[in-house]
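Peer 1: Residue strings, one per chain:
Number of protein chains: 2
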Amino acid sequence: MVLAKDLSHLLSEEAKARRPSPLKTCIKYFNDPNIIFLGGGLPLSDYFPWFDISGTSPKPPFANGIGAPLNEQELINFKIPRDKIDVAVDEEFGTISLDKALQYGFSQGHPQLRNFFIEHNKIIHKMDKYEDHEVLATIGNTWNLESALRCLCDKGDYILVEQYAFSSTLAAAEAQGVKTCPIPMDADGIIPEKLEELLAKWDEKKLGKIKFLILVATGSNPKGLSLPEDRRQKVYELACKYDFIIIEDEPYYFLQTGQYYAAEDRPALSDEKVPHDQFVNGLVKSFLSLDTEGRVLRFDSLSKVMGPNTRIGWISGQKNLLAELLKFHEVSIQSPSGFSQSIVAKTLNEWGQEGFLDWLIGVRKEYTIKRDFCIDSLYKHIPKKLLDDKTVVVNPPIAGMFFTIDINPEAHSEFKSKYEGNAKLFEQHLFEKVIKEGVLMVPGAWFEAKDYTVTDKGGIEEPKKEIFFRGTYAAVGLDKLDQGIERFAKVLESEFS
Amino acid sequence: MVLAKDLSHLLSEEAKARRPSPLKTCIKYFNDPNIIFLGGGLPLSDYFPWFDISGTSPKPPFANGIGAPLNEQELINFKIPRDKIDVAVDEEFGTISLDKALQYGFSQGHPQLRNFFIEHNKIIHKMDKYEDHEVLATIGNTWNLESALRCLCDKGDYILVEQYAFSSTLAAAEAQGVKTCPIPMDADGIIPEKLEELLAKWDEKKLGKIKFLILVATGSNPKGLSLPEDRRQKVYELACKYDFIIIEDEPYYFLQTGQYYAAEDRPALSDEKVPHDQFVNGLVKSFLSLDTEGRVLRFDSLSKVMGPNTRIGWISGQKNLLAELLKFHEVSIQSPSGFSQSIVAKTLNEWGQEGFLDWLIGVRKEYTIKRDFCIDSLYKHIPKKLLDDKTVVVNPPIAGMFFTIDINPEAHSEFKSKYEGNAKLFEQHLFEKVIKEGVLMVPGAWFEAKDYTVTDKGGIEEPKKEIFFRGTYAAVGLDKLDQGIERFAKVLESEFS
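Going down the list, the sequences are from chains S and P.
All residue numbers for the first sequence refer to the numbering used here, where the first residue is 3 and numbers rise by one.
All residue numbers for the second sequence refer to the numbering used here, where the first residue is 3 and numbers rise by one.
Think of the hints as simulated: they come from the structure by calculation, not from any bench.
Certain hints may be false.
For chains that are exact copies, the list does not tell them apart, and a pair is met inside one copy or across any two.
Claimed, not checked - Subject to a maximum C-alpha distance of 27 Å in a straight line, what follows is the list of computed DSSO-like cross-link-like pairs (lysine-lysine): (1) K426 - K124; (2) K275 - K459; (3) K203 - K30; (4) K329 - K426; (5) K492 - K420; (6) K81 - K321; (7) K367 - K124; (8) K435 - K30; (9) K482 - K386; (10) K18 - K157.
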């Protein structure tokens with residue numbers, strides 16, 4: 003096997019200037035039995051005011067679904083002690099005892115947690131194309147992006163983004179003075195041919211080097227799109243050819259709900275256990291699994307599959323790049339919360355890799371049910387006339403938790419007169435009216451990536467003519483979802499009748 | 003009461019450019035009963051795989067000390083349920099139920115946690131001099147500094163630091179291209195007269211505006227010094243006069259162990275309960291308590307008084323500045339871990355403010371015992387001759403967990419010949435020898451703040467002539483501490499005999 007390519011020329015000035023924290027380098031002596039450690043301000047664990055932490059979680063295989071009420075036999079009762087445990091036993095049972103969990107150290111994540119992610123990666127992504135890959139436990143994908151921006155980009159640097167991208171990603175880059183160049187998308191996500199066109203004519207002298215492309219390749223946010231494998235391969239080849247990093251930000255990766263079918267054509271969701279190889283092989287190939295050069299950084303998160311504020315995620319990629327991120331983490335976040343690491347590691351290790359797959363299969367099933375219900379509900383409530391003449395277009399997603407509804411402003415009788423033909427003005431009007439009606443959906447404007455290559459050339463970006471709203475079926479139960487969609491449809495009806 | 007001064011001119015370009023994350027602004031609708039929330043990807047709490055989390059912690063007043071083994075009556079058994087609890091009852095008992103704790107939202111910290119810190123601040127700092135102060139729950143002081151640097155400093159900006167400062171603070175600033183200007187210190191910490199001298203001749207045109215002064219005013223790191231109140235007042239007045247922010251980074255604030263006395267003169271540590279007003283009134287006045295204009299940001303952390311990897315701390319200061327930090331947190335850390343918030347809030351609220359004071363009093367007592375033992379041990383093991391002729395000087399701290407030992411390199415027979423009169427070369431040699439002897443202490447070089455005003459003027463900074471080592475009595479028990487110091491002393495003896 004080969005080693006990852008040296009990509010240190012893509013690091014930011016800040017990353018290049020960052021020396022490892024000397025105090026962090028000496029923490030290794032803390033557990034050295036030959037060294038008496040008078041080196042760093044690590045309080046004795048005798049003074050941590052917790053003797054143990056216990057919890058209850060569901061037990062695999064979650065046969066009745068992940069949200070089902072359970073009886074005593076379907077529960078796992080776990081206990082995390084404070085006291086030092088023999089390390090071998092400790093690791094065997096995946097327990098990070100509180101004396102270690104609540105202490106400084108292990109900025110990369112405790113082995114009990116990190117090893118679980120490493121094993122999980124092997125099952126899902128294989129990662130057999132280069133040798134020196136690594137995993138860092140982190141506090142989630144919002145942070146992962148922050149870390150990548152700081153370690154890879156200087157003010158004025160360009161990154162490539164989806165034409166419609168996660169608004170917090172855009173906001174983080176913008177504040178740092180990192181410029182975005184949007185890649186055109188169609189119903190399958192970013193278009194490799196358009197990307198190549200853009201790269202071929204990239205004026206590096208004027209615009210500088212592109213540092214990375216970031217995308218939510220599966221269940222994209224806002225669009226709910228998933229990039230087909232052939233496009234992933236083409237995009238990856240372009241990254242190699244034009245020498246930039248690909249960041250796949252994949253919080254929704256396991257919510258691959260598949261094609262939507264109208265109720266009458268829909269195959270019944272089986273109650274039988276999905277075989278794990280069928281589940282794993284059915285997942286769209288990740289960029290990580292295609293990576294031969296070590297130029298993919300993958301962001302995974304437990305936010306959407308276990309709970310957002312566990313604040314646990316992980317970054318996978320080549321060792322040398324991750325070492326740069328880690329150096330930054332040591333002087334910023336330090337490490338994920340010890341309670342989070344301990345509770346999450348204990349739960350995952352009690353489940354085992356197979357149990358975690360069961361859980362992910364269960365989560366996917368719930369979102370498939372909700373997705374189907376949601377799209378059914380949209381077709382039920384939105385006036386047929388508006389759908390037929392394409393005033394309103396519903397876009398059923400094949401992954402994730404978001405759906406979008408395109409709206410043709412030209413079909414509105416007062417679009418020219420009252421809204422001066424300004425799509426964004428009309429979109430904002432709809433947004434406010436929708437809230438007044440008692441439902442929150444998010445206007446497309448929040449997700450539009452700015453094209454700085456236009457302004458850098460002294461041009462003015464044309465205002466977008468498309469209007470869409472992003473909704474989610476994640477945040478409420480089915481009843482409320484139906485009611486919310488009904489309210490939204492009512493606004494459409496009143497506006498376009 | 004007055005409002006805080008507008009200090010927005012001290013914000014970084016990045017902070018000024020940062021717009022609030024639009025998705026975060028709409029999370030307020032998530033708990034609005036009139037709005038059906040299809041706005042953001044918040045998973046249903048039914049899918050969080052934990053039904054409850056329980057724990058055991060000691061019960062105030064911790065009569066036998068904070069590290070003592072306890073019987074059943076001296077324990078608190080707490081339980082944090084998943085299910086929604088009536089909000090009023092919920093807040094009364096300080097429980098952040100898991101459905102809320104593990105969900106997105108409350109980037110500033112859940113009220114059950116944040117309100118505890120607000121009440122605590124009232125007891126300790128009064129904060130009665132301006133009206134619009136605020137508290138943000140965060141993931142600890144390392145982060146708090148990162149956040150302040152990003153929100154207040156641009157590349158090339160100056161900050162003022164202690165001549166010997168926390169190495170991670172220096173490393174974080176250095177990587178970001180933020181320049182440090184050291185303030186001379188004596189045995190009481192930074193010297194206001196020297197600071198004023200420095201400010202009076204500050205060439206703002208050439209060097210730019212000073213954004214803030216950061217210091218560990220109590221139990222300083224590495225020196226273990228504590229700034230007397232009259233100096234705090236003078237430094238604060240200079241901040242007002244010369245218009246910069248003071249950041250007091252105070253992880254060791256409650257470890258005010260007081261003057262060291264030799265064993266024969268030492269007053270016995272009473273076993274009686276310390277009255278709370280005596281404890282509170284005996285604490286050195288914080289910068290926060292002096293602040294009339296809203297130009298102090300105070301960093302507090304639970305790392306040193308409960309456990310480092312709880313990753314819970316808080317920032318106190320004026321509302322408008324904290325709003326800028328919060329906007330940054332929303333696109334980076336999001337919020338402290340839900341498990342951490344929940345467990346810490348539950349523990350603190352079970353204890354109550356009085357119980358927390360009992361805990362802090364107990365922590366201080368432990369560190370007082372350890373400090374005394376440590377200094378005794380140093381005087382016992384270091385050869386008397388080296389102490390008498392001041393080849394070695396022990397500096398007993400009055401707060402914190404660090405002590406320093408000054409070493410006079412000139413007293414070494416081969417200093418000129420073998421080490422070419424280079425103090426830092428000799429210090430490094432000692433460091434390596436000390437590790438070889440089986441003890442880790444940290445060389446002073448790690449804490450030296452660079453003076454960029456010298457290099458900015460084209461000069462070369464003179465190498466330091468002082469040698470010292472920083473040790474801590476935090477990380478090991480008394481036996482090991484004695485043994486470690488004995489090993490260290492052995493190196494001194496062999497080097498200087």
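Peer 1: Determine for every hint whether it applies to the structure shown.
Peer 2: Consistency of the hints with the structure:
no. : hint        : result
1   : K426 - K124 : neither (45 Å within a copy, 47 Å between copies)
2   : K275 - K459 : neither (57 Å within a copy, 72 Å between copies)
3   : K203 - K30  : neither (49 Å within a copy, 44 Å between copies)
4   : K329 - K426 : between (43 Å within a copy, 25 Å between copies)
5   : K492 - K420 : within (21 Å within a copy, 87 Å between copies)
6   : K81 - K321  : neither (34 Å within a copy, 41 Å between copies)
7   : K367 - K124 : within (23 Å within a copy, 50 Å between copies)
8   : K435 - K30  : between (59 Å within a copy, 17 Å between copies)
9   : K482 - K386 : within (22 Å within a copy, 79 Å between copies)
10  : K18 - K157  : both (14 Å within a copy, 14 Å between copies)
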